[in-house]
Every structure is written in structure tokens, then in C-alpha cells.
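Protein sequences appear in the order of chains A and B. In the numbering used here, each residue carries its 1-based index in the first sequence increased by 290. In the numbering used here, each residue carries its 1-based index in the second sequence increased by 290.
Think of the hints as simulated: they come from the structure by calculation, not from any bench.
With a straight-line Cα cutoff of 27 Å, these simulated DSSO-like cross-link-like pairs (lysine-lysine) come out:
(1) LYS676/B / LYS609/B
(2) LYS454/B / LYS566/A
(3) LYS892/A / LYS880/B
(4) LYS804/A / LYS370/B
(5) LYS410/B / LYS804/A
Each chain, written out:
There are 2 protein chains.
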Amino acid sequence: MPASGYELQDYKAIMYRTHTCGALRAEHIGQEVTICGWVDRIRNQGGLVFVNLRDRYGITQTAFAPEAGEDLLELARGLKMEYVVQVTGKVCARPVGQANPDMATGEIEVRPTQMTLLNKCNQPPVYPSIPELPSEDVRLQYRYLDLRRTAMQDALMLRHRMIKTLRDYTDAHGFIEVETPMLGRSTPEGARDYLVPSRVHPGKYYALPQSPQLYKQLLMIAGYDRYVQLARCFRDEDLRADRQPEFTQLDIEMSFVEMEDILTFMDGMIADLAKKILGLDLQLPLSRMDYDEAMERYGSDKPDLRFGMEIIDLTEFAKTVDFQVFRGPAEAGNRVRAIVVPQCADKYSRKAIDELTTYVKEDFKAKGLVWFKVENGDIASPTAKKFTDEEHKKILEITGAKDGDMILVVADTFDITCAALDGLRRRLAKELKLYDPKSMSFSWIVSFPMFEWNEEDNKWDAKHHPFTMPQPAELDLLDTAPEKVHAVAYDLVINGFEAGGGTVRIHDTNLQAKIFKLLNIDDQTAHERFGFLLDALKFGAPPHAGIALGVDRLVMLFGGYDNIRDVIAFPKTARATDLMTGAPGVVDDKQLDELSIQNTRKEEN
Amino acid sequence: MPASGYELQDYKAIMYRTHTCGALRAEHIGQEVTICGWVDRIRNQGGLVFVNLRDRYGITQTAFAPEAGEDLLELARGLKMEYVVQVTGKVCARPVGQANPDMATGEIEVRPTQMTLLNKCNQPPVYPSIPELPSEDVRLQYRYLDLRRTAMQDALMLRHRMIKTLRDYTDAHGFIEVETPMLGRSTPEGARDYLVPSRVHPGKYYALPQSPQLYKQLLMIAGYDRYVQLARCFRDEDLRADRQPEFTQLDIEMSFVEMEDILTFMDGMIADLAKKILGLDLQLPLSRMDYDEAMERYGSDKPDLRFGMEIIDLTEFAKTVDFQVFRGPAEAGNRVRAIVVPQCADKYSRKAIDELTTYVKEDFKAKGLVWFKVENGDIASPTAKKFTDEEHKKILEITGAKDGDMILVVADTFDITCAALDGLRRRLAKELKLYDPKSMSFSWIVSFPMFEWNEEDNKWDAKHHPFTMPQPAELDLLDTAPEKVHAVAYDLVINGFEAGGGTVRIHDTNLQAKIFKLLNIDDQTAHERFGFLLDALKFGAPPHAGIALGVDRLVMLFGGYDNIRDVIAFPKTARATDLMTGAPGVVDDKQLDELSIQNTRKEEN
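Chain A on its own, in the form it takes in the complex (with noise of 0.2 Å):
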């Protein structure tokens, strides 16, 4: 679509308009226009009238004078912000001096000869023209009033974008998308199903899918190759602030690849979107990490790489220490790990560094954190007199902290020391501006491990899902270490945030079975989550692999948005609610009676 907005030219049938508030240049100076339009400002000026009219496609002014009559005149007076008007005039030079040079259309004026009031505006509680917004939960309430302002238009024309030129890609590179159905089985495994109940079939249920994963495997096995799909998903979990319960995800299968294709093809369409919607040259390959190495470095499998502070390990040094919140740890076989906060040392004040103990105290469980500010080459903080000169030498040498400079040391589980450093480096890095915020770092995590741990049901847990293929060279392990086994599976990380992942699969009945038997699950089980897919296996699967991305994520950080409902058009809050329709809402009782359910309880108001 040209910038100036479409021109409404292609067709004869011309009914309202002519032009949109985007399409006027000087070339159309003296022709008669017509254009219809929101009301976006009036200003009263001497005898004049100036009504700017607005569309998706850009803003008109209209100027209206005495010459067209006092009728028109007295008209454009009565008209309120947010009134839909047709207006038929003349394109004319705005006069000497005039000109707007920041509008597209800043070149001309549109002297109306004839006015229609298409409708009347209630005085809206969000304006598009007026930067104040009210609450989140206004804007959600009357979100067509929202969906005016320019920023959330340009969130869906970038979404809209974004969409079609992955497709295109998609497409041009041999990828058939096909429809896989929303009412599926339940298969409870990882997040809640939302359930749809049957009237056909009493006491039974649909599911809504939570992925197609079980789909596009199919597909290839049935023969499809290349597979896409842009899914809407579903998960009913309790909502974090950059969850939705129904969510977008770009779904994709490939069969005959190894991981490596799998990349290689993501990285062309990742540099592809890149280009065409930022206008950024990616480098490729993108860079790759396994994520043994990315929680070593970073305490993350995502990563933000916009920035440097890597973690460095003081654990061998710390067992070499009087200090007991050091070696204490250390030799308990947890870890000592630091992070060097470059040149803020006086930007930190005890009780801004009271805060951040505060923080990893509360939010990773952290058992504290120790502080040192680097001033004259030596090390000055409440604990310093607790090491010799030749430790705060040593601590010096492996952090490689200069003057001014702040090393923060998180002594803990090694699970812990990731968590806090992950959580302190991102945090003050935002703080203190170490990165562009309008930069953008992709980067491509591998080798995940297969198995977690469930404290919980004391068993192993898929880390990915039980159909992801082990890395062929550690298949022993299975039997003598299966945490030491890592899986084929790829996560792509956008400025420290996972836009998604995938795996290869499992295209063998046996490895399979073996499988399903570490996680414990057995074969009646098995059977009934997932028969169709293990007979599927039994019938000429070819190797393959997939990964899916999460189009809202993708879309916000493209975009630079900071909420993930500003890319969304009619979004739910965390509660589950659309406060626009009010869903979720109450149901006659008939409908409940056809689906042969009832009610066990009602919401308390």
C-alpha cells in the first residue's frame, strides 16, 4: 500500500468519496473531491473555519470560508470532534506561509462547497487526537474508540505486515498452509485445555488446541513436506502480563531436515522480515548458543545480547576464602557467580543497593548479595575488611573490574545464581541505558535439556514435549544419566525475550516407547493422549521437525511496544475478561441443558 493511503481508483463504483484524508498532493490542486472523514480538530480563525478531517489513511484539512455560504459556514460550526462528515470541494495551495510540511497532505486545503453530516459523535472517553490516555481498562471498554488512535492503527498495520510478508515467504519458499481444526481432543499435558463441551455427545468434550502440534506431524506423515499455518492457540492458565488465553502462533513443519535446515531456513525468513519491515541487514547465520554455555554466560536460555555483563564464576576462588557466605556455598558444590556493572558506582547509593538485595531476596529466593564498588584499584564495600589485600587483588583479576565500576556476587544454587544475575543484569542495563532501545539482537539458543525434574510428582518431566528427538550421540545416556541428555531443540531469543522454538521430532516407534517409559507415562496412556499419533508413527514417518513463533510477541518487539495488547485488537485482561463484550457471561439455562451440563457454582460478585 503506497503511503499516501489508498486511492480508491481501481473501481468505478464511487459512491461516498472520491479520495481518502491521505491521497491529496499538490498534483490535484483545482480538481473537486470528495472525502469523508472523522472529525479531528476545528479551529475557529477570523471568518474561517478549518475542520481537519481524518481516515486510516491520513488527515485532510478543510478550510472552510464566507465565499461558500453562510448555510455551510454555520454547519461546520456545529460540528464536535469524532463526527463523521462528507465533504465535496475544491483541492487548493494552502495560502503563502501555510503550508504544513510535517503532514503528507500539508501542501493543500480542500474548500468544501457542500457538507453531508454522515454521524454524530457522543462525547467519546478517548480521543485519537488528544495525547492523555484514561485507564488501560477505558481504553479496553470502549476499545473501538482505542483502535482510533495512531499508535494502535499503526500496531495492526505493522501486525497485518508482519503476517503477509511471512507468509509470502512462506509460501514463496514451497510451504503449503493448511487449516488444522480448533475442536480437537484434550490431551492434558503441560498448560490447562479450554474445553468445549458437546450436545451431540453427552458427558464429552472438545478441546481447543493448544498448539497444532499433533497436526503438523501428521501432515508430514502424510506426505505434506513444508507445512505453515498461523494458529490461534489456547492455554487456560493464570494469566501473566504478557499472556493472552488465546494467542497466534506461526506454525511450521518440515520433513526430510535436521536442525541445521531448520535454521538455516528460519534465519532467511527472520532476515527477510528484518529487512522488510525494519529495513535492518541482518547478519547471517545468526549467532548460535548452546544452552549449557547461555546460562553459564548469561544465566538465561534467553539471553538479552544488547548488552555485555556476562555472569563470571568466582566459585573456585570462593573456596579458597575466610569468608563464609563465599565458601560456604562453594564447598557445599552450590556456585559463587558475579556480574560487573560497568561505571555506575556512583550512581548506586547504599540504598539504592538495598533495593536490588531486596529484589533478589524476594523475587529468585536469593539468600543475599554481596557488593563491591571498585574505587583507586581496590575494592570498597561494607565487606571488604572480610578478604586480605591479595583477595580483593584476586577478586580484581577475575572480574576484570575497573574504577567505578560495581561487581554484585550472588552466592546460591547454581539455579538461583542464574536467576538473580539474569534478573540483575537485565534490570540494570535498562537503568542505565547500556543498550539502544531501537536496537535489535536474534539470536538462536540450542540443545536444550531433555528432561526436568518434577519435585512435585518426583518424576522427569519433556522439557520441550515427549515427541522431541534426544541428540543422537547422547541416546546411552538415557538409560545411565537421562539429565545429562540434551534435546534437538532450538529456541529463537529477540532481545532477551523467546519468540519461539522447536524441535526435531521423533519419527521412531521404538525411541519413541523408550521415551514415553523415562517420562513415566505408560502405554495405556500413551494410547489414549496420543494413539493416533503413535499408530501414525507405525505407517512410514519420514524424519522431521518444526517450530512455531509467537506472532504477539514477535509483533510487540518489532515494534517496541511494551505490552503485548497494544499489538492485539481485542485483547482480554488478566483476569480472562474482554471488558468490551463482557465475555466471559452468563448462559440460559437451555443452553446448558442442550450440553447436558450444569453449574456447580456461581461466580461470588
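For chain A, the structure is supplied; the task is to place chain B on it using the hints.
Same frame as chain A, now just chain B:
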């Protein structure tokens, strides 16, 4: 995608194959290649073993000769149909006289030097290479095998290409694709909703959308101007042969438009689709016919215009005859109408005509069927003697029937004459092959009645939906004769099927209130159901209109398929069951507890 299949040359990482099974041509002779695929056919011939490998892109013959070594030959002899293999070898010209011009890869064969068995296959209930099919139930249960058949792969490829073409066209014309929620509010109107119990709000339910109608109107109010979505929609109806509980519609809405704009735009879109998919040049504008005229001429609001056989009215004539079967209904205000079936008198025996009589009685509740054959310029029939010679002449004159034609007459209420003659017309045209089954007919039926009388509830119902604009010239009739008011509504009819339809919407709150009153929807009910839309109309709603096309139906018609399930990857049966996954299924009590619901009845097994 080139017809020869995707060449996999666009990225470097090639693990499993260098070419697809559809890619190799004479130009590749001499190259060493690796291909992967399913064993489509095996022939032992002399000392040679020919194995055809199949993937989505085509079939390539591999020829295992003694020179390849006994081990490889032995491996080839052990292959079974649908095994998955990887073959490396040299591309060779087929021996003289053995090229197969019917096969895209027919000039070459691959002489293997290496083969890896990637997976075995149990004996499948459906073979892609064997034309005989098991029952549809078996095909649905093993859908992943059924989907291997070329006919099914063609259907899904056609679907993909049609959807891509529609998306490209709308994008090029300034439409923005917006995803609307699946978890919405139940607005019991028309068909039954699928409900989704809310866990967070016990006793409350989401509903899956029957269409994004309200959301797309809200997007117009929000100023999005041109909206499109390929939207999944849900209706919990008792299924007819060509319905599915979930279906996909191409959903469109435009602002500042009238019917003329929508039809002209859609004409261009359909012409583009017909050209790109079928190579057809449609003459534009597509023909248009008023609903009233369609009912008079064809007895249907979705007439099949691939053939003539229009309905002829005999009511005035019937009033003048003694024959009470004609005169009675004619004088009672009912209708006597006929079709002339050309050149078939010798093809329909008395017994065959008796069968037609049973058909109109049983399927359409007609009281009977009167028939005349035209012989030697006169009519012949068991009832011929009930008419005078003059009347015989008159019948021939009015109907224009000629020697060899057959006249079929139904005397009944207008509705029954419509239904019965429409049924006869379709059935006989098919039996007599009056049209080329590959021909396509596109037309618009416009100006539908606004209301239809609901006998059961003794009230007016909206024929489309309650937001439909009445014809402006007939607004006065709303108070006096609502049955005479027509809507600004339009249906796209292809080959006698409704492919989609739409309306101009009401954007005026006062008119909307008046329509609700006529439909006996009181303020409170209106507010409960559509409150957010009614509110939104008060905040500057632009004039707007839209349309939705049934994508499954459209693909079926373009592809010439008889069954809508053949253009859906994973369809459900008429009992809304997925025979492959077993959905809907029984769920854990724990899941129901969390949703605060319980079953009131279990399905009889």
C-alpha cells in the same frame, strides 16, 4: 511454486536430500543426487528392481541393477509399499523406448549407489497408489494415509493457492487483516453457540464465534476502513452433508461504501481468483438479479444458471380451465407453474415420471405433479383429456414447448411451487446432462426480503441479521407492511450454491432501534446481547457494509469436488466426531471440577 516441485536450492544445509521426487529432468543427467520419499511401486523385472519413490512434488523411478551390488539389490527387494527411503545415485537417461511422457520425471531414472531405510510402514488400509478406496469412515480414521493420495494433496494445494490469491488481492487493495477473538460472548441468535466454560469466572461461559460480525463492524467504527480475515467460525447445528461444525470464511468489511462498491470490488476479486486458479476470463460485472425475479424465474435464491429451463407461470391460464387441480389453487391465490424439460419425452417412462412425482411430494410437500409430453404438435398425458383442444394449444403457446419436450406442472402455494420446480430443474438438468459439469456460473442475487415470518414464535425474524439496512426507498413500509421491505443484501451464487453473502449495515442508532422493535427484541435484551455494538454506533459510526464467503464451499466449487470433507484436512463426521483423534472425548473429573461444571448425563454407548 514451479509445477516440477521445489528444488531445495535456496539454502545450503542439505542433510537428507538434494532434490525432491518431482525435480529431476533430462538436464540433470550425469549428476549425483540424493532423494527421499515413500515407496510408491516396486517392480522386479529380470535382474532389475524398479522402485518408484513419491513425495509431494512427484514420483521418480529408481532402477537397482546388478552393477549396484547384491547387498543393495537385496535391500531393494526387501522394500514394501509406503516404506520411507533415502537413495543416492546417478541420474541417467532411461533406456531407449522406456521414457514415460506422462510423468514429469519420465525421461530419467536414478541408478542408486546407496540406500538408507528411513522408516518402515505397516500394511496401510489406504494406498495412495491404488485407486480403490475403503469406506469414508476408514479414510477419516487414517486421515494421515488418506491425505497421501494425490487427489487429497491436490485439494489442499488448491485450497492453499486460493486462500493465498484472496489474501494477495485484498492486501493489494488496501485491506488490513485483523484477527478477532475466538473466545467471545454468547449472543444466542440464529444457530446454537459452542460454549467454553470459564475457570476463572465460575458459572460463566465464552462462546466460539458464529462469525466475526460484531467485531468487524466495531473495526469500521474504529476507522479501519477495509478489513479482511480468513476467520474460523463455529455453529453447533445438526449437520447436513455439506456442513461442518467449524468452517472458514473470507470475512470482509468496508467503510463509506454502498452495495455497488462491495459488488464491484468483489467482482474484481472473483475474476482475479477465476483467472489465476482456473484460467477463466469472467465477463464483468457479474450478472445480478433481484431476489423476487430469481424466485419467479428459477424458484430459488441460489439458481443454477449453467442451464435454462426457467419456470413458466400458468396461473392466469389455470383460472380459465375446468381442471380443478389447476383451477382450485389458482383461484385460491396460489400458483400454477411449470418447467419445460427439453427433448426428453422418450427418456422418461411412466415409471420414471412416477418417481419424479414421489420426489416432489416427499421432498417438497407438493400435492402432486402434472405432466405432458409434446408429440406431433399436441400434448399427451393421462390428464390430456381433461383439457380442450384450445387449452392444449394455449399450454403449448404459453410454455413454448416443442415436440419431444416434457412439461412438468406444480399447482400449489408459491413456496412449494418454488421448491419443487427448483428441485426438479436441478435434478433433471443433471440427469440429462444439460450443462458441462466443468462450466462455472457466477451471479449476484440482490435485494432479499428484510424479514421472514416465524410461524412457531408468531413474530418477524431478520432474514440476514438484525443489523441489516432496509432498502432506503422502502423505509416507509417498515410501519405498514414489513413483509414488503427488502434489505440491501446480496448473495454470491456459484453453480447453484450460495458461496457467500452480505449486507449494508445500519449505522444509525434510531433506525437500529426501530428494527429491534419490529423484531420484538426489547431494549433490555438488545442491550444484553449487543450492548457494546449499540453503544459504539453512538460514537461516530461510518456508513459500512460487508460480505463473507464460505471458503470450504468455494474451494469445493472451484475444484469440482462433491464433498466438502474432501477440501478440509481433518474434517468431522455428520455427528461432529473426529474419527482419527476420537474427539470429542471423556475428560478427567478434575478438569470439570476446575471449571465448576458437572455432567448431567453420559452418552449412551
